[in-house]
Amino acid sequence: MSAPLSAAAAPAPSLLRSTTRVAWFLLGALFIFSGLIKLNDPVGMALKLEEYFDVFAGDLPALKGLFQWLAGSSRLLSILLSALEVILGAALLLRWYLRQTLWVLLALLVFFTFLTFYSAAFNKVTDCGCFGDFIKLTPWTSFAKDLFLLLLWGIVFFNQRFLRHAFVQGTAGIMTMTFVTAIAIGIGVRALGHLPYFDFLPYKVGNNIGQLMKASAPLRYKYVMEKNGETKDFTTYPDSTWTYKSMVALNPKDGPQITDFRVWNDEGDYTPELLRGNKLVLIIQNVDKADRDRYELINKLLNDAKSSKRTITPLIITSSSPAEFDVFRHNANFAVPFYYADATVLKSIIRSNPGFLLLRNGVVKGKYHYHDIPSIGKVEEKMQ
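According to UniProt numbering, the sequence shown is numbered sequentially starting from 1.
Because the hints were derived from the structure by calculation, they are not lab data. Bear in mind the structure is a predicted one, so any value in this text is a computation, not a measurement. Check before you lean on any hint, since a few could be wrong.
Once the Cα atoms are required to be at most 27 Å apart in a straight line, the calculated DSSO-like pairs of lysine-lysine come out as [as the list claims (entries may be wrong)]:
#, residue 1, residue 2
1, K300, K378
2, K204, K214
3, K232, K222
4, K382, K347
5, K124, K245
6, K253, K214
7, K64, K289
8, K136, K204
9, K64, K347
10, K253, K136
11, K253, K145
12, K365, K289
13, K222, K253
14, K306, K378
15, K306, K382
16, K300, K382
17, K124, K136
18, K204, K64
19, K347, K204
20, K253, K365
21, K365, K378
22, K347, K214
23, K365, K136
24, K378, K204
25, K253, K124
26, K347, K289
27, K124, K289
28, K204, K365
29, K145, K124
30, K232, K253
31, K214, K365
32, K309, K365
33, K245, K232
34, K124, K347
35, K64, K124
Turn these sequences into a full structure, and let the hints guide you.
Structure representation (structure tokens):
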């Protein structure tokens, strides 16, 4: 007869079971959360993928053609990878084909860990886009996050005996996972064809661009200095015996949230004027990739704005070169003033090319994808 289990040893399996189930839930929930955040803004995720592909194309010239092709498919890849995170997270939580799901999760985790380490070690991509624009992570923080997920994976994988009960299996499991897949992909496709469901960027509706270009409080700094191998922080500049190393803001969140917004033309800076009065802004990020099927609707809205009783000024902002845009606007018959801005800024303002931005004294009153061009009546309502 075997000896009875001692009281000291009894809690160990229970603790391991609880730890495994916590790790299982966290791993699945984090994958679903990460995937949904990316599916909220698939264009933003695609831009991040393009950034990675551009880096690898430069670092691996022998595979430049492959990475350029991948960059051209970045929007499709954005939806597929983001949906895969949701699907795997759901499969894990439902314990559907648990072992197989865990192996696919491991492959994805190793891939993400490599990307974040590469970004951190070589300072290539300063924001991995792991949680979209909702949560910004530094490269090393992103790498640490992936190591934590690998730890959770290891706990779950080596203790699967505590997760034997599958919540769905057979035909019911296939139907459930098909439904999850359809919902995940549908969320991404809907956001791709319109605008993100939730806007986490500084140019979201309701924000005052002019106010966000100013600091909310005076910035305070500390000076990092070195002398005789000793590093020390000072809030005032020390004597000349110390060697300057760096200057760090003590209250960076009080600084301007928007630092790169500027609009200009050949006559000079138009930014102050843009942030005064009612403006209907047609943003055309890049004429080569701009949708060309809605010229008639766009022109109608621009012309209606000219005669609006609310004194709405229609204009265009682009990041294309003057020569390219001149040809484009003549083909489209866009007879309104046009200005220039940085390409990255325009991509941050609206995930649509072209897209409309409504401004009233610098406050964002509305944003419209080219699939959702409003009537002048709706524009006037927003300007009230």
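Results for each hint:
Between the alpha carbons of K300 and K378 the distance comes to roughly 14 Å, so the proposed pair stays at or under 27 Å and holds. About 17 Å separates the Cα atoms of K204 and K214, which keeps this hinted pair within 27 Å; it holds. Taking the CA atoms of K232 and K222, the gap is about 10 Å. The hint holds against a cut of 27 Å. Between K382 and K347 the CA atoms are separated by roughly 23 Å; this keeps the pair inside 27 Å, and the hint holds.
Annotation: proposed proximity of K124 to K245 holds, straight-line Cα distance about 23 Å (limit 27 Å). In summary, the hint linking K253 to K214 is supported, as the alpha carbons are separated by about 12 Å, within the 27 Å threshold. Taken as a hint, the K64 and K289 pair is honoured in the structure, with Cα atoms around 21 Å apart against an allowance of 27 Å. A hinted pair counts as satisfied when its Cα atoms are at most 27 Å apart, and K136 with K204 qualifies at roughly 17 Å.
Taking the CA atoms of K64 and K347, the gap is near 25 Å; set against the 27 Å cutoff, the hint holds. A threshold of 27 Å between alpha carbons decides the hint, and for K253 with K136 the separation of about 13 Å falls inside it, so the pair holds. With a C-alpha separation of about 23 Å, the suggested pairing of K253 with K145 holds against the 27 Å cut-off. Distance hint between K365 and K289 is fulfilled; the C-alpha atoms sit about 26 Å from each other, no more than 27 Å.
About 15 Å separates the Cα atoms of K222 and K253, which keeps this hinted pair within 27 Å; it holds. At most 27 Å may separate the alpha-carbon atoms for a hinted pair to count; K306 and K378 meet this at roughly 15 Å. At most 27 Å may separate the alpha-carbon atoms for a hinted pair to count; K306 and K382 meet this at roughly 16 Å. Of the supplied pair hints, the one linking K300 and K382 holds, its CA atoms being roughly 18 Å apart against a limit of 27 Å.
Pair hint K124 plus K136 holds up; C-alpha atoms about 16 Å apart against a cutoff of 27 Å. For the given pair, K204 sits about 36 Å from K64 by alpha-carbon distance, which is inconsistent with the 27 Å threshold. Straight-line distance between C-alpha atoms of K347 and K204 comes to about 13 Å, which keeps the hinted pair within the 27 Å bound. Restraint check for K253 and K365: the C-alpha separation of about 25 Å stays at or below 27 Å, so the hint holds.
Taking the CA atoms of K365 and K378, the gap is about 11 Å. The hint holds against a cut of 27 Å. For the given pair, K347 sits about 21 Å from K214 by alpha-carbon distance, which is consistent with the 27 Å threshold. Restraint check: the Cα-Cα separation between K365 and K136 comes to about 26 Å, which is no more than 27 Å; the hinted pair holds. For the proposed pair K378 and K204, the alpha carbon gap of about 18 Å is at most 27 Å, so the pair holds.
Taking the CA atoms of K253 and K124, the gap is about 24 Å. The hint holds against a cut of 27 Å. In summary, the hint linking K347 to K289 is supported, as the alpha carbons are separated by about 12 Å, within the 27 Å threshold. Proximity of K124 to K289 is assessed by CA-CA distance (about 26 Å); at most 27 Å being required, the pair is judged to hold. The suggested pairing of K204 with K365 holds, with an alpha-carbon distance near 9 Å, which does not exceed 27 Å.
Taking the CA atoms of K145 and K124, the gap is near 18 Å; set against the 27 Å cutoff, the hint holds. For the hint pairing K232 with K253, the CA-to-CA distance comes to about 23 Å; that is within 27 Å, so the pair holds. With a CA separation close to 20 Å, the supplied pair K214 and K365 stays within the 27 Å bound. Using a Cα cut-off of 27 Å, the hinted pair K309 and K365 holds, with the two alpha carbons roughly 17 Å apart.
Restraint check for K245 and K232: the C-alpha separation of about 10 Å stays at or below 27 Å, so the hint holds. At most 27 Å may separate the alpha-carbon atoms for a hinted pair to count; K124 and K347 meet this at roughly 20 Å. Our distance criterion of 27 Å between C-alpha atoms is met by K64 and K124, whose separation comes to about 17 Å.
Violated hints amount to a single one, hint 18; each of the other numbered hints is respected by the structure.
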